[in-house]
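Trainee: So you can see what is in the structure, the chains are spelled out below.
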Amino acid sequence: MGWGFAGPFVAVFGLVLLAPIGYALYLSLFKDRLIGGTSFVGLENYGEALADTRFWEGLARVGLFLLVQVPVMLGVALLVALAIDSGRLYGRTFFRVAVFLPYAVPAVVASLIWGFMYGTRFGLVGNINDALGVTLPDPLSPSLVLASIGNIVTWEFVGYNMLIFYSALKVVPRSLYEAAAIDGAGEWRVIASVKLPAIRSSLVIATIFSIIGSFQLFNEPSILQKLAPNAITSDFTPNLYTYSLSFAGQQHNYAATVAIVMGVITAVIAYTVQLRGMRKG
Amino acid sequence: MTTPPVPAPAAAATPATSASDSTPSVSSSTTAASMTAPADRATTTGAPSAARSDPKRRRRSPRTPLSPRPSVPLTLVTALVLVYTLLPLAWLFINATKDQKGLMNSFGLWFADDVNLWDNITRTLTYDDGAFVRWLLNTLLYVAAGAGGATVLAVLGGYALAKFAFPGRRAVFAVVIGAVAVPGTALAVPTFLMFSRMGLTNTPWAVIIPSLISPFGLYLMWVFAAEAVPTELLEAARIDGSGELRTFFRIALPLLMPGTVTVLLFSMVATWNNYFLPLIMIKDPDWYPLTLGLNAWNAQAQTAGGEPVFDIVITGSLLTIVPIVAVFLLLQRYWQSGLAAGSVKE
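So the sequence lines, in the order shown, correspond to chains A and B.
Position one of the first sequence corresponds to residue 1 (our numbering), numbered consecutively onward.
Position one of the second sequence corresponds to residue 1001 (our numbering), numbered consecutively onward.
Chain A extracted, bound-state conformation (with noise of 0.2 Å):
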């Protein structure tokens, strides 16, 4: 009986999730060649992704994203949901949606606005060029795009994350608090040897998607594009290099190994955080 409930969703979920990473696994075994047609060549694809040079350079380009933009979204995030779980705040009802606000924003528009707030021409960095008579740095020039890159990510998912730790912050008992306070405890005192360790599995969860959010970068970077080509080629993420080598060179056989390798190592580090993360304490 429980089958005729879970049919659907497992029927679905084999024909849009499963079939695909098969179809991928049996395209990354061929080659298609301009003389002989497609041919079967085992691992060379493998062999050829592992030593790309174009791939590499995306995979570090996100590793140092990752590396800067998760820890400030996540603290800034953690700060905020501190607070307004505090009861300390003015308004704290507001303070909860308007943060959450920016995830109810496509990463289309979200991209566009900040994209024209990056602007010389009528967006707030021309504006204080103007008023001030300076020239501030181009936030879309090639060294300061991925940051720039990182303030849209950062903005449009600070407000989710503040959301995960407050409602995980929510259900801490209150008496660990009370028991805490009669043992004299101050409030960073209870924050950190009460509310951060209630909270772990929340942050561990929030670091891993915000891990896998990062290695799958490319809505961002891919509308950005427009407004800054010579910032962000083709290759800047692996995705973006996945998808121009799929749709722009009609290379699905090795871009589908590209896809393969990157899934792969995004399991291999998630994973990894999430045994280290659970570990501790």
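Source of the hints: derived by calculation from the structure; they are not laboratory data.
No residue lacks a Cβ here, since even glycine has one placed at the ideal position from N, Cα and C.
Each hint can be trusted.
Pulled a few chain B residues facing chain A out of the computed Cβ check, cut under 10 Å: (1) S1211; (2) P1215; (3) E1244; (4) L1329.
Derived lysine to any residue pairs resembling SDA-like cross-links, with alpha carbons at most 25 Å apart: (5) B:K1283 to A:V12; (6) B:K1283 to A:Q251; (7) A:K226 to B:A1270; (8) B:K1283 to A:V16; (9) A:K226 to B:I1280; (10) A:K226 to B:K1283; (11) A:K226 to B:F1107; (12) A:K170 to B:Q1332; (13) A:K226 to B:L1319; (14) B:K1101 to B:Y1127; (15) B:K1283 to A:A107; (16) A:K226 to B:Y1127.
Please arrange chain B on chain A, whose structure you already have, making use of the hints.
Mentor: Then chain B, alone, in the frame of chain A:
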């Protein structure tokens, strides 16, 4: 590739016995979602308010974490984050009231001399032979079919996993959670090629079918159903001779409503905001959703010789986010409790 990051399964594999976050938060969210208002009222009129009305008692221990006093410095510091999150939205609204000239000549965070919001809206809706309206209708179709279908599948599946012991149940869950770790974009190329062979690309199906799966929704409904639907109630119904479908619709579904609304909301946002999937699947502008359409207009405005329509792109962006933001604000009670139940991000 299907190795799970396991946060969710570890916490959820045994919902009834798990001492970690999932179980307590679910029960609390059940109450929060189904009876937020009465519960709040009860606390404000009950014992705590008695304590509040006693000024002496309040003054005696003002600084314990249990009865904190609002703090101006903390509010001001936190307000910096508020400015950060609201500033771009304010910029968008302000600049949606300007025409091209106003955009170029006025300060970005204040209104130009004349307000053109209404004019901009009508121009946006009629530009390009009313393409915006067409894209809006497409988006509504994708949201209704994709998010609606995803919710139905997640509710049925979550209910099955929580309340039936059937062979392969654990395997289903492990595989679904494992697949969450697979980057969606990694699947894009093979999914596109598959759909292309099936003749589905460039049709609404190519966007709708992949939207039907929400592993987050399944997980949320599973944890939710485990808590919200008492097994004894189902057994009593069965003893009374009620069929499984009837039992589901008459007994389980009403109890699952708060979780269902949450899943529906988050699926709606995901579908409304979807960019990557339609980008690879849809080439024909007639089937674009709003996100792709806006991106196309922007690309056109950026190219040399293209018609600069920044005012229309900006107004279109505003029109795109207004419905979804309104839905979020109106139904905030549900999504907040739903997140508490899952504490998981898609």
